[in-house]
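Under our numbering, the first residue of the sequence shown carries the number 2, and numbering increases by one thereafter.
No lab work stands behind these hints: they were computed from the structure.
Treat the numbers as computed from the prediction; the structure is a model and nothing was measured.
By construction, the Cβ of each residue, glycine as well, lies at the ideal position given by its N, Cα and C atoms.
Among the hints, a few may not be true.
Label-pair restraints from in silico Cβ distances [claimed, not checked]:
(1) Gly3 / Trp96: 16 to 26 Å
(2) Arg33 / Leu90: 29 to 39 Å
(3) Ala37 / Arg89: 34 to 44 Å
(4) Asp32 / Ser92: 31 to 41 Å
(5) Ala30 / Gly51: 30 to 40 Å
(6) Phe91 / Asp32: 16 to 26 Å
(7) Ala87 / Ala16: 19 to 29 Å
(8) Arg43 / Gly94: 18 to 28 Å
(9) Asp52 / Asp86: 33 to 43 Å
(10) Pro5 / Gly67: 11 to 21 Å
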Amino acid sequence: PGLPAPDALRALVAAAVAEFRARTEELAAEDRTRAALDGIGRDIWSRTVGDTGLPVRAVHAAQSLGFLRPRGASGPGTGPGSGEDAPRLFSSGAWLRLRTPFGSVALRRAGTGALGISVR
Numbered sequence: 002p003g004l005p006a007p008d009a010l011r012a013l014v015a016a017a018v019a020e021f022r023a024r025t026e027e028l029a030a031e032d033r034t035r036a037a038l039d040g041i042g043r044d045i046w047s048r049t050v051g052d053t054g055l056p057v058r059a060v061h062a063a064q065s066l067g068f069l070r071p072r073g074a075s076g077p078g079t080g081p082g083s084g085e086d087a088p089r090l091f092s093s094g095a096w097l098r099l100r101t102p103f104g105s106v107a108l109r110r111a112g113t114g115a116l117g118i119s120v121r
């Protein structure tokens, strides 16, 4: 199973953020508790990207850190002949790694909760 194109990954994150905002805005002010917001976040960010097993939270982290910049953006690995502008997904045991020319996001699949993301 492959990852969608970078534009599709950015659109996926934008849609997830919009859904989070819409769902939190639907709550009455007194219902916007940490537990309610965490529940909405877990529901959205725990979804996987297609059948890759990669949670949307990892793609959101990559986007937030600038790792999913559009093609032609400045940064390491984008010069002529780099040939590696598409994000790639690697796995080893319980670990997943989303690698882009701008950086990587790694997470452990089993029992990670919200703390399963590390950035290098």
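Evaluation of the provided hints:
no., hint, verdict
1, Gly3 / Trp96: 16 to 26 Å, "18 Å, holds"
2, Arg33 / Leu90: 29 to 39 Å, "34 Å, holds"
3, Ala37 / Arg89: 34 to 44 Å, "36 Å, holds"
4, Asp32 / Ser92: 31 to 41 Å, "38 Å, holds"
5, Ala30 / Gly51: 30 to 40 Å, "36 Å, holds"
6, Phe91 / Asp32: 16 to 26 Å, "40 Å, violated"
7, Ala87 / Ala16: 19 to 29 Å, "20 Å, holds"
8, Arg43 / Gly94: 18 to 28 Å, "24 Å, holds"
9, Asp52 / Asp86: 33 to 43 Å, "23 Å, violated"
10, Pro5 / Gly67: 11 to 21 Å, "19 Å, holds"
Figure legend: structure checked against the earlier numbered hints; hints not met, in rising order: 6, 9.
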